[in-house]
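Whenever a hint applies, use it, and build me the whole structure from the sequences.
Respectively, the protein sequence lines represent chains A and B. Be aware that the first sequence starts at -14, since it is given in the numbering used here, and climbs by one per residue. Be aware that the second sequence starts at -14, since it is given in the numbering used here, and climbs by one per residue.
Do not rely on the hints blindly, as some may be mistaken.
[Unchecked claim] Listed next, the in silico DSSO-like pairs over lysine-lysine satisfying Cα-Cα at most 27 Å (straight line): (1) B:K110 with B:K258; (2) B:K204 with A:K223; (3) B:K436 with A:K436; (4) B:K52 with B:K436; (5) B:K52 with A:K436.
Hints were generated in silico from the structure; no laboratory data involved. Treat the numbers as computed from the prediction; the structure is a model and nothing was measured.
2 protein chains.
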Amino acid sequence: MGSLTSRPSAEVISALTLELQKRFGNRCVTSQAVREQHGHTTTWIANQPPDAVVFPDDVEEIREIVKLCGERRVPIIPFGTGSSLEGHLNAPYGGVSVDVSNMKKIIAVHPEDLDCVVEPGVTRKELNDYLRSYGLFFPIDPGADASIGGMVATRASGTNAVRYGTMKDNVLALEAVLPNGEVVTTARRAKKTSAGYDLTRLMVGSEGTLGVVTRITLKLYGLPEAISAGVCPFPDIKAAADATIMAIQTGLPVARIELLDEVQVRACNAYSKLSLPEKPVLFLEFHGTEAGVAEQAQRFAEIAEELGGGPFEWATRPEDRSKLWEARHNAYWAVMSLRPGVKPFATDVCVPISRLADCIAETKADVDARGLIAPIVGHVGDGNFHLSVLADPNVPEELANVKALLSGLIERAHRMEGTCTGEHGVGQGKMKYLEPELGTAALDTMRLIKKAIDPDNIMNPGKIFTLQP
Amino acid sequence: MGSLTSRPSAEVISALTLELQKRFGNRCVTSQAVREQHGHTTTWIANQPPDAVVFPDDVEEIREIVKLCGERRVPIIPFGTGSSLEGHLNAPYGGVSVDVSNMKKIIAVHPEDLDCVVEPGVTRKELNDYLRSYGLFFPIDPGADASIGGMVATRASGTNAVRYGTMKDNVLALEAVLPNGEVVTTARRAKKTSAGYDLTRLMVGSEGTLGVVTRITLKLYGLPEAISAGVCPFPDIKAAADATIMAIQTGLPVARIELLDEVQVRACNAYSKLSLPEKPVLFLEFHGTEAGVAEQAQRFAEIAEELGGGPFEWATRPEDRSKLWEARHNAYWAVMSLRPGVKPFATDVCVPISRLADCIAETKADVDARGLIAPIVGHVGDGNFHLSVLADPNVPEELANVKALLSGLIERAHRMEGTCTGEHGVGQGKMKYLEPELGTAALDTMRLIKKAIDPDNIMNPGKIFTLQP
Chain A
-14 MGSLTSRPSA EVISALTLEL QKRFGNRCVT SQAVREQHGH TTTWIANQPP
36 DAVVFPDDVE EIREIVKLCG ERRVPIIPFG TGSSLEGHLN APYGGVSVDV
86 SNMKKIIAVH PEDLDCVVEP GVTRKELNDY LRSYGLFFPI DPGADASIGG
136 MVATRASGTN AVRYGTMKDN VLALEAVLPN GEVVTTARRA KKTSAGYDLT
186 RLMVGSEGTL GVVTRITLKL YGLPEAISAG VCPFPDIKAA ADATIMAIQT
236 GLPVARIELL DEVQVRACNA YSKLSLPEKP VLFLEFHGTE AGVAEQAQRF
286 AEIAEELGGG PFEWATRPED RSKLWEARHN AYWAVMSLRP GVKPFATDVC
336 VPISRLADCI AETKADVDAR GLIAPIVGHV GDGNFHLSVL ADPNVPEELA
386 NVKALLSGLI ERAHRMEGTC TGEHGVGQGK MKYLEPELGT AALDTMRLIK
436 KAIDPDNIMN PGKIFTLQP
Chain B
-14 MGSLTSRPSA EVISALTLEL QKRFGNRCVT SQAVREQHGH TTTWIANQPP
36 DAVVFPDDVE EIREIVKLCG ERRVPIIPFG TGSSLEGHLN APYGGVSVDV
86 SNMKKIIAVH PEDLDCVVEP GVTRKELNDY LRSYGLFFPI DPGADASIGG
136 MVATRASGTN AVRYGTMKDN VLALEAVLPN GEVVTTARRA KKTSAGYDLT
186 RLMVGSEGTL GVVTRITLKL YGLPEAISAG VCPFPDIKAA ADATIMAIQT
236 GLPVARIELL DEVQVRACNA YSKLSLPEKP VLFLEFHGTE AGVAEQAQRF
286 AEIAEELGGG PFEWATRPED RSKLWEARHN AYWAVMSLRP GVKPFATDVC
336 VPISRLADCI AETKADVDAR GLIAPIVGHV GDGNFHLSVL ADPNVPEELA
386 NVKALLSGLI ERAHRMEGTC TGEHGVGQGK MKYLEPELGT AALDTMRLIK
436 KAIDPDNIMN PGKIFTLQP
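In structure tokens, the structure reads:
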């Protein structure tokens, strides 16, 4: 097999680095700070910096890097903006971080076809700024201003997924450099196809382990004629979850439906200067025509009332709406303010929506029993929620306590037919949970695919699964 | 490699057949008629019957069949209802057709989660009959009453795809027997996941070449509170296509938008006793609340009028609506009535919607120039259309003429950034078009995956691509 299981020798790395510097000049960086920043992610997992960081300008330069690394069996770690959460960007075997932040071309926008073609370094906010003049938008919103390439890699989703789906639903086609240096195109620009294996969706969520994505064709949507947003408190999590289930089940086309538990509400009130009732709340958003969103709002208000929730308060002015969603997006930072000086351990699970209330309730009970602080926010329309545990990783007992909480959370999600990650991905942090989740046959099939496409294991090794069972 | 490139010997087949008969009794059938019926599809491709047909009752029996065949390197062809169109079910190397029509259990319906778990032999109509009492439905509708397993295999879509997506968007998880006899589960029941490679979508559309699907978890939808349908004539195809584009672009959530050209309208009028104007028409359907569908209808009528179409006639009564869609579904049979005694050569392509009018116009010109009869129907909201060419395959000149027309159609679709198949799949009929469409790197990647998962090439060999470039 020749699988890579250890770090390349210092000689190999220094020869490769020299060659990369000769070729890329100051676009090949080896300073400690830049290397650490590229291994570093928004995570509690220890930093494992790459040996060098290269900033290519185009697909041909990526091919060169892949060939130079491939010949020497040196790992390649594709890098977008570094906002991933499970150690996806760490370099446990060293290697070269391929930072695509110079690749920000929006190659084409096709308004009639509701699609666009972009390079991987474009961030979602940059794309949406560009699209505004066309009256179009790209809905996937994981919170962070992630790069489109990174969002492909982790199969990102976020607050809009309940209505618009995840990256798997919104990538029409990809171009990628394979481990052998060949450039693959996974599909044409047609909106649907039955032509062969779905390589597009094999690449989406593969976390850089099968190739470096160099071009992405995305579905777009017309900016809604009308948007309305609002906040609705509930007596408890169960009532909020039940309201969500009822809204989804009756076909209410809600664009966003986000749960914040009372701990998260308290944090957001303090951090974002809001005055929400300190109870579980749902943040909602509806897209449609003026008449449509009014009808949807009315219907949701009725559902909420039926379940003891409310009053449902509408943010009709765009600035109030922005303030709400900014508070939601700043939830991560707000959490930190609850215990200054420590970083949150952020995790996510996803369960069938009928199990959501139970899963959250049991999790909150466990958090309390362990004496921890851990606000919950959730994309509840999908059964997906996040736990942000505040603890000091330098205190061994705290770390052990958090790890036990997180393992328990995933076991609970598995028991409820759920997944260890709805949207963050596996990276390094969740590798051990994949086999309990999917079984040996699934893991072995993934390994077979990885070995077939990347026989020398140069693409982001040490992520998702180990090559040996 | 040990790749299968020729038919197993008669001795191997007869020994295997004996063993299968011993094990499965009269659920292993070798009569000429049944074998031919299982190779036979709704296609012009010559019949290549399997050596035997087995009707397993459950996943364990499928494992036994796969092991018995695998040990002898005998091909396995999974069979649903036989409604595929591109020779997917033919047995060019002989082997065993695994007919799942005994596997019709609806294992679970989870109304709160809007999902269900079914065996592969359940047909879409059987499923929807069962779901009606829950107020739920499964939207994917390829016309034929296909099995869910077959719809997974070909990545089916159909009239509702513009609103509800295709099979890739509506399968949450699969269980399948792999070529090595292991049973793989591709995902949990959660609505979204970022846990590892997307094996679900790798299996969807793999046409039985990677395993036999034994269990499917599907997304469901609440039956719409209100449905309205209607017909709108247009002066020409371009106006109809432009109205479609405008409807999609303005975010009109149309559930179905189907084009019939004037030739198809004539056929449907005759066959289904309608009296539509003999012009290109759009059949439309809207799902939503009473107020919502009325608003949508009004908006579409305005769009149509702006483009010189109309009048837009509504079928408000359920029986009129049924009659319309029955006529649409019977389009294939109606076509035959245009030239009794010959079978239609049915094909489909899909292009970006902005190119749809051009693609159809050029195709119609080619049909006329060749003196052929070939009605067009299309799922135009997706840029997908079907051509049904009426010709006698026993007349060599006619056959050559049709083949040239179909090749030209696919070249045209490729030139317009489209695909050789939007929903029928590749099977045998479109194998040669896959490499021009996706390039060598994509085909080689598919081959690597196939060889890794099915090293002896026992799963539906001779479909989608050849193992050697």
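How the hints compare with the structure:
no.	hint	verdict
1	B:K110 with B:K258	holds (24 Å)
2	B:K204 with A:K223	holds (23 Å)
3	B:K436 with A:K436	holds (11 Å)
4	B:K52 with B:K436	holds (18 Å)
5	B:K52 with A:K436	holds (24 Å)
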